[in-house]
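Peer 1: Chain residues, written in single-letter form:
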Amino acid sequence: MPDDQFDADRVSTEDRLAAEALVVDLDGFEGPLDVLLTLSRTQKVDLRKISILALAEQYLRFVEEAKRLRIELAADYLVMAAWLAFLKSRLLLPPDPEEEGPSGEELAAHLAFQLERLEAMRRVSAQLMGRDRLGRDFFARGMTESVTSTRKVHYRASVLDLMQAYARIKTRDDFEPLHFRRGPVFTMEQALERMKGLIGHAIEWGELSQFLPEGWILDPKKRRSAMASTFAASLELAKLGQVELRQDEAFAPLQLRARQARS
Amino acid sequence: MSDAPEKDVSSLFEAPPMAEQERMVEAILFATSEPMSARQIEARLPHGADVAEALVHVRKRYQGRGVHLTKIGDAWAFRTAPDLGFLMQKEQVEERKLSRAAMETLAIIAYHQPVTRGEIEEIRGVSVSRGTIDLLLELEWIKLGRRRMTPGRPVTFIVTQTFLDHFGLESARDLPGLKELRETGLLENRPPPGAPIDLATGEEIEDEDGEADDQDDMFT
Amino acid sequence: MSDAPEKDVSSLFEAPPMAEQERMVEAILFATSEPMSARQIEARLPHGADVAEALVHVRKRYQGRGVHLTKIGDAWAFRTAPDLGFLMQKEQVEERKLSRAAMETLAIIAYHQPVTRGEIEEIRGVSVSRGTIDLLLELEWIKLGRRRMTPGRPVTFIVTQTFLDHFGLESARDLPGLKELRETGLLENRPPPGAPIDLATGEEIEDEDGEADDQDDMFT
Numbered sequence: 001m002p003d004d005q006f007d008a009d010r011v012s013t014e015d016r017l018a019a020e021a022l023v024v025d026l027d028g029f030e031g032p033l034d035v036l037l038t039l040s041r042t043q044k045v046d047l048r049k050i051s052i053l054a055l056a057e058q059y060l061r062f063v064e065e066a067k068r069l070r071i072e073l074a075a076d077y078l079v080m081a082a083w084l085a086f087l088k089s090r091l092l093l094p095p096d097p098e099e100e101g102p103s104g105e106e107l108a109a110h111l112a113f114q115l116e117r118l119e120a121m122r123r124v125s126a127q128l129m130g131r132d133r134l135g136r137d138f139f140a141r142g143m144t145e146s147v148t149s150t151r152k153v154h155y156r157a158s159v160l161d162l163m164q165a166y167a168r169i170k171t172r173d174d175f176e177p178l179h180f181r182r183g184p185v186f187t188m189e190q191a192l193e194r195m196k197g198l199i200g201h202a203i204e205w206g207e208l209s210q211f212l213p214e215g216w217i218l219d220p221k222k223r224r225s226a227m228a229s230t231f232a233a234s235l236e237l238a239k240l241g242q243v244e245l246r247q248d249e250a251f252a253p254l255q256l257r258a259r260q261a262r263s
Numbered sequence: 264m265s266d267a268p269e270k271d272v273s274s275l276f277e278a279p280p281m282a283e284q285e286r287m288v289e290a291i292l293f294a295t296s297e298p299m300s301a302r303q304i305e306a307r308l309p310h311g312a313d314v315a316e317a318l319v320h321v322r323k324r325y326q327g328r329g330v331h332l333t334k335i336g337d338a339w340a341f342r343t344a345p346d347l348g349f350l351m352q353k354e355q356v357e358e359r360k361l362s363r364a365a366m367e368t369l370a371i372i373a374y375h376q377p378v379t380r381g382e383i384e385e386i387r388g389v390s391v392s393r394g395t396i397d398l399l400l401e402l403e404w405i406k407l408g409r410r411r412m413t414p415g416r417p418v419t420f421i422v423t424q425t426f427l428d429h430f431g432l433e434s435a436r437d438l439p440g441l442k443e444l445r446e447t448g449l450l451e452n453r454p455p456p457g458a459p460i461d462l463a464t465g466e467e468i469e470d471e472d473g474e475a476d477d478q479d480d481m482f483t
Numbered sequence: 484m485s486d487a488p489e490k491d492v493s494s495l496f497e498a499p500p501m502a503e504q505e506r507m508v509e510a511i512l513f514a515t516s517e518p519m520s521a522r523q524i525e526a527r528l529p530h531g532a533d534v535a536e537a538l539v540h541v542r543k544r545y546q547g548r549g550v551h552l553t554k555i556g557d558a559w560a561f562r563t564a565p566d567l568g569f570l571m572q573k574e575q576v577e578e579r580k581l582s583r584a585a586m587e588t589l590a591i592i593a594y595h596q597p598v599t600r601g602e603i604e605e606i607r608g609v610s611v612s613r614g615t616i617d618l619l620l621e622l623e624w625i626k627l628g629r630r631r632m633t634p635g636r637p638v639t640f641i642v643t644q645t646f647l648d649h650f651g652l653e654s655a656r657d658l659p660g661l662k663e664l665r666e667t668g669l670l671e672n673r674p675p676p677g678a679p680i681d682l683a684t685g686e687e688i689e690d691e692d693g694e695a696d697d698q699d700d701m702f703t
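Protein chains in written order, with our numbering: chain F, 1 to 263; chain W, 264 to 483; chain Y, 484 to 703.
The hints are simulated quantities; they were obtained by calculation from the structure and are not laboratory data. Please note that a few of the clues may not be correct.
Unchecked claim - Derived DEER-like restraints, expressed as beta-carbon distance ranges:
1) W:Arg453 <-> Y:Glu653: 34 to 42 Å
2) Y:Glu578 <-> W:Pro309: 24 to 32 Å
3) F:Pro102 <-> W:Gln355: 46 to 54 Å
4) Y:Gly547 <-> W:Glu277: 56 to 64 Å
5) W:Asn452 <-> Y:Glu517: 44 to 52 Å
From the three backbone atoms N, C-alpha and C, an ideal C-beta is built for every residue, glycine too.
Just chain F, same shape as in the assembly (with noise of 0.2 Å):
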């Protein structure tokens, strides 16, 4: 038992040190499976065979080492150690036959699984970036030859091009500086240039709102704009005896069509 004390005093006083380490180099770790990783190796064994047990401990450590030092910790990092302190008591209890969900075990499986596939990539990672490269061990022919006779201009565009384009799109209105802007207006004076190229051709009724110019109609804004200039216009081509007006009833959509040539 004295013994037991005394390693237990001794791993959490390394524990200490290394939690401190941690901290204070808090920076250079990509989040709490990072950490956990990293004080995996402290336990000096097979990923395979380690103890999520004391695991758990050195993270719970290492977190509240954090806050002694009034480190702000990122909230995954806080998400991390409230799972773990879950998943140490779920270790140390005897399991309840009442309560649902996996058991301890199952879950310090799946993190034991987590740690061993995350060390697994770091080093893939390595072996791939370490191997022979194209354009630092091994190069692509440096004279590519090119015939002077038919030329063809070949644009190039990549997906990447194309995402940032629609984005820009999207976001352009987010960097405009602050300053009022005129809502879009059609004027009366385009209505009314356009109808009169328009309405030759309306021989039977038609709806006004079908003369609508393209690009006006989607937008709320701009077609309640073209509506009312549209609308003007109609009146003004009325008054001037080049086209009929009329309505069913009040409110019911107005119609029109060019004024029979000869009345």
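Place chains W and Y on chain F using the hints.
Peer 2: Just chains W and Y now, kept in the frame of chain F:
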């Protein structure tokens, strides 16, 4: 249909002898720095040429030489022998140093492809940092795969031919350590037991059942 | 120059065997971007190499092949065999980046297809020039879709298989949506570099190559 007229017509377009086809393939591939697929090469050769066979000949001819014919996915390119890289300091391109996050993300995409952003985050235990995916797309080492047929239909990422070319891989099957990873089950899609907690976001992970097929696509 | 006794004592300063020198010269001349003189090649080779002899060997090896080692002035370079020049004709391509106007128009078509010209203008906030649409049609990245069943029956545009091939997409649906763009950091919180926006008017600044949108008086 009689044979005689056909013969006459085909003789007009008769493929040159294999030795000649080989020369042509050699010339075409020598002239470009980009890998070319057999189909692209074929489009440049006289009608009736057997590109596959010509490529085999060319490859054999350059074995052990200072320049090799390498296969990159379904394309081909001449590349200098890697052991002679030290002679080429002048041609060496300044390499952009990749962050650890970018290297790991790349490895995860290569070994787990097609893979969603959520899965990358689940493996790394952190959210994918701003610009990491951006950088890898810009290098043309990754591209978009098919959307996952799971709720939310997330986009997936896969590695490209440029990636294979850069790392001297004939196919994604030749990734270092791939076999071992598969054998130890580390590439399996193992959902967390019970109520899944996503370490990156603390949110529940989407149901990822039935996508094992996707994952096998590249490697089987 | 290399004799029997030199063989087993491969000291650091010993020139590699001629076969090896030949490989080196081959690789150097393959990768270089301009013809190199014997002296330039020599400067790259290990000390004691005999460039002149190695060049003779390389030249002989490529005799009658699809590629020749040719002497240009006092420099050396690999060149396509003159009789195969005809194969190189299609190689002549001028790479040009798609203009910003075209890129944005293309993006809108890809994300919103089928989409009319009027709708493109609404989304972009500037009018779309005929030239832009024509270029995209010519590249076969877009094509005409069904006419809209609205007055005037405007034509719609959709993207093509060629588009999908070029951008390495299975389908346009695989493009990440706005939310995903934001999550992956593609949608940045600052205007991307090289994307000038005239803040005063919100109008587009003309492209360098003079392919400006026609700023119709439509909105003024």
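Peer 1: The structure should be examined with respect to each hint, and the outcome stated for every one.
Peer 2: Cross-check of the supplied hints:
{"no.": "1", "hint": "W:Arg453 <-> Y:Glu653: 34 to 42 Å", "result": "violated (27 Å)"}
{"no.": "2", "hint": "Y:Glu578 <-> W:Pro309: 24 to 32 Å", "result": "holds (28 Å)"}
{"no.": "3", "hint": "F:Pro102 <-> W:Gln355: 46 to 54 Å", "result": "holds (52 Å)"}
{"no.": "4", "hint": "Y:Gly547 <-> W:Glu277: 56 to 64 Å", "result": "violated (21 Å)"}
{"no.": "5", "hint": "W:Asn452 <-> Y:Glu517: 44 to 52 Å", "result": "holds (51 Å)"}
Of the hints listed earlier, those the structure fails to meet are numbers 1 and 4, in rising order.
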